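Visitor: Each chain, written out:
There are 2 protein chains.
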Amino acid sequence: MFDLSKMDKLSGLMRKNKIDAVVTGPSNTLEFMTGFNPVGCERFQALFITCDRRYFYICNLIYAEDMRRWFPEDAPFYVWNDGQGFHESLKKAVTDFGLTHKRIALGETIRAVDLIDMESLFSCEFVNGVSLLEELRIIKTEQDLDKMRTAARLADGVMEDLTRFIRPGMTEKEIKLKIEDLFMAKGADGLSFSPIVACGANNSRPHYREDAGVIAPKDVLLLDFGCRYQGFCSDISRTFFIGGISTEEERIYTLAGEAQAAAVKKAREGVRCCDVDRAARDCIEKNGMGDYFLNRTGHGIGFDVHEAPYISGNNERCLERGMAFSIEPGICIPGQVGMRVEDIVVINHQGETEVLNQFTRDIIIIKE
Amino acid sequence: MFDLSKMDKLSGLMRKNKIDAVVTGPSNTLEFMTGFNPVGCERFQALFITCDRRYFYICNLIYAEDMRRWFPEDAPFYVWNDGQGFHESLKKAVTDFGLTHKRIALGETIRAVDLIDMESLFSCEFVNGVSLLEELRIIKTEQDLDKMRTAARLADGVMEDLTRFIRPGMTEKEIKLKIEDLFMAKGADGLSFSPIVACGANNSRPHYREDAGVIAPKDVLLLDFGCRYQGFCSDISRTFFIGGISTEEERIYTLAGEAQAAAVKKAREGVRCCDVDRAARDCIEKNGMGDYFLNRTGHGIGFDVHEAPYISGNNERCLERGMAFSIEPGICIPGQVGMRVEDIVVINHQGETEVLNQFTRDIIIIKE
Numbered sequence: 000m001f002d003l004s005k006m007d008k009l010s011g012l013m014r015k016n017k018i019d020a021v022v023t024g025p026s027n028t029l030e031f032m033t034g035f036n037p038v039g040c041e042r043f044q045a046l047f048i049t050c051d052r053r054y055f056y057i058c059n060l061i062y063a064e065d066m067r068r069w070f071p072e073d074a075p076f077y078v079w080n081d082g083q084g085f086h087e088s089l090k091k092a093v094t095d096f097g098l099t100h101k102r103i104a105l106g107e108t109i110r111a112v113d114l115i116d117m118e119s120l121f122s123c124e125f126v127n128g129v130s131l132l133e134e135l136r137i138i139k140t141e142q143d144l145d146k147m148r149t150a151a152r153l154a155d156g157v158m159e160d161l162t163r164f165i166r167p168g169m170t171e172k173e174i175k176l177k178i179e180d181l182f183m184a185k186g187a188d189g190l191s192f193s194p195i196v197a198c199g200a201n202n203s204r205p206h207y208r209e210d211a212g213v214i215a216p217k218d219v220l221l222l223d224f225g226c227r228y229q230g231f232c233s234d235i236s237r238t239f240f241i242g243g244i245s246t247e248e249e250r251i252y253t254l255a256g257e258a259q260a261a262a263v264k265k266a267r268e269g270v271r272c273c274d275v276d277r278a279a280r281d282c283i284e285k286n287g288m289g290d291y292f293l294n295r296t297g298h299g300i301g302f303d304v305h306e307a308p309y310i311s312g313n314n315e316r317c318l319e320r321g322m323a324f325s326i327e328p329g330i331c332i333p334g335q336v337g338m339r340v341e342d343i344v345v346i347n348h349q350g351e352t353e354v355l356n357q358f359t360r361d362i363i364i365i366k367e
Numbered sequence: 000m001f002d003l004s005k006m007d008k009l010s011g012l013m014r015k016n017k018i019d020a021v022v023t024g025p026s027n028t029l030e031f032m033t034g035f036n037p038v039g040c041e042r043f044q045a046l047f048i049t050c051d052r053r054y055f056y057i058c059n060l061i062y063a064e065d066m067r068r069w070f071p072e073d074a075p076f077y078v079w080n081d082g083q084g085f086h087e088s089l090k091k092a093v094t095d096f097g098l099t100h101k102r103i104a105l106g107e108t109i110r111a112v113d114l115i116d117m118e119s120l121f122s123c124e125f126v127n128g129v130s131l132l133e134e135l136r137i138i139k140t141e142q143d144l145d146k147m148r149t150a151a152r153l154a155d156g157v158m159e160d161l162t163r164f165i166r167p168g169m170t171e172k173e174i175k176l177k178i179e180d181l182f183m184a185k186g187a188d189g190l191s192f193s194p195i196v197a198c199g200a201n202n203s204r205p206h207y208r209e210d211a212g213v214i215a216p217k218d219v220l221l222l223d224f225g226c227r228y229q230g231f232c233s234d235i236s237r238t239f240f241i242g243g244i245s246t247e248e249e250r251i252y253t254l255a256g257e258a259q260a261a262a263v264k265k266a267r268e269g270v271r272c273c274d275v276d277r278a279a280r281d282c283i284e285k286n287g288m289g290d291y292f293l294n295r296t297g298h299g300i301g302f303d304v305h306e307a308p309y310i311s312g313n314n315e316r317c318l319e320r321g322m323a324f325s326i327e328p329g330i331c332i333p334g335q336v337g338m339r340v341e342d343i344v345v346i347n348h349q350g351e352t353e354v355l356n357q358f359t360r361d362i363i364i365i366k367e
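From first to last, the protein sequence lines are chains C and G.
Under numbering that gives the first Met the number 0, the letters of the first sequence match residues 0 to 367, in that order.
Under numbering that gives the first Met the number 0, the letters of the second sequence match residues 0 to 367, in that order.
The set of hints was computed from the structure by calculation and includes no laboratory data.
Listed below are the simulated DSBU-like cross-link pairs for lysine-lysine, each with C-alpha atoms no more than 35 angstroms apart in a straight line: (1) C:172 <-> G:172; (2) C:264 <-> C:15; (3) C:90 <-> G:15; (4) G:177 <-> C:185; (5) C:146 <-> G:175; (6) G:101 <-> C:91; (7) C:177 <-> G:185; (8) C:366 <-> C:185; (9) C:101 <-> G:90; (10) G:172 <-> C:146; (11) G:217 <-> G:285; (12) C:91 <-> G:285; (13) C:17 <-> G:90; (14) G:146 <-> G:264; (15) C:177 <-> G:172; (16) C:175 <-> G:177; (17) G:15 <-> C:91.
Only a predicted model underlies this, so the values are computations on that prediction, with no experimental measurement involved.
Work out the full structure: start from the sequences and follow the hints.
Guide: Rendered as structure tokens:
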């Protein structure tokens, strides 16, 4: 059933940001707010919530029975059919709710082409609502953090199992499927994203997803994966060395680990996200490898695997109790090698910096 | 490598529609035009193509190595990093390419929140580019149709195998996993969408995806699935009856089948899509069940499982040689039962209406 428990906080955020309504399509954001996250298609559907706590849902007739199950019987529904398109229904809804000429914030899954259609239908000021909606969940409760601790423990366990599973000759694809099997066997609800398994030179591409490689002796193997557990995500990266490690590899890996440790050390309550990013960046730059540190130091995590707070150079937000984020500086030398160590870190409700992942950050050598 | 072979047709369409540039994010549309379809995240990335056949690609630094592999060495790239955000790079690109104040058509995967940011950065007229981009592939070549024939044959084979596999007591989830296994074993490249397996009253919801049901004796079981083969999709639906069929079930199923046959019969070269929809609708309405026919009669299919031409009441486009689409009128009685028969139909290059799916439309009774 539609959960109104987050409505107070949302109303407050909307008033503070002078927003009259928010619009969210199927997404983790919608699930966080309401408990449901329908599987959609190209047909427009969304929940509109006004700052004075009214709402309506609009969807195609083929989803009407699915969606009504989530709402009270008298909930305002606007249902359109394929022969009409959604324009007239949406126009009527926006008029009925007095939203013309109002300031409306859109969630991350609303399509630009639907916004263009909306702009031609009625006059509103549309704004980017991503930050506002992420603000709703940027501070995790103690119960949320417990779910994240469990999700992290599952990820640690999968990493541990992989040290015994992985052998040269295996394909990236095999390892990827094994990761999913291991998570399911351990009680995860699903993956938080499609695992990244990258050997050879594939790992210089941080989000490599081709799964085309075969593990060779002396390879460097990058693993990056996570699960979802009771709504909350985990995310861990480690770099394994197949049959030994060269001096140069050890130098790069040690530096990535030092940068990671420096950022974790910097990540305290009250410290700005950009300063945490800077701590990792300084460490890598002063060793002459700044050009190979491509990504932000980390991203917030919770109901989504990427959400606020972003640990990047342009984010001046200060860390607060209840925030959860990854720390994952990486070194990627194009066409050669990429390495990173990633843990999820939280500022817990005692104000301590707590690293959720316990799996070792020491050099792991996989037997040939 | 970036494939310019579709550029002539795209330029022509852009000129005809007075469009100065099209913008496509990662999508099947991008893959159709260029051969690549990157896995993205929330970081903005897109290909801009101008009507005078220039282009540039913009992406985050973490995707730069992946993306450069697809382009000639001197291709114009605009790369932004997490510490900056994409705004300045995009503004520079749009200025360099003389696109300010121009008319720009957006593809289906560009996010509304990114469009809002773009509108604050530079002045352009943004339009919905979905129809224009679908037009690029609405007419399939003979080679395309051959791939679709193979994809349909694989789907027919899976349906055939399922008649022997399905038994009462199985879960919807088990059958769903079996469908994927069967497709892979037969040589499909992947699924065209997450299969719909809906028993009991679940099938009155046309896009039911909860996979929570268990097949019971006397159930009606709706199956809707397809695969991708060399880029092209299949899509088939059938309704099975577990351990027998009641008189009322037979009446509904027969009517769904008659409506499907009437629409297939109507679907000839030169006939309007809305008239094909009307043929199915007339059949169901005259039997007093019009309120339970929720969906459009069909959708175009090809590189995407849903694309133009849509076989719906508001589409006056005429069928032409090379068009491919589903015919799938359904009868859905909320909370009770849903049934449909779906085949992919093409107007082939001899001008004939060819039904790609060969699996029987007769009543299938699964042994208890």
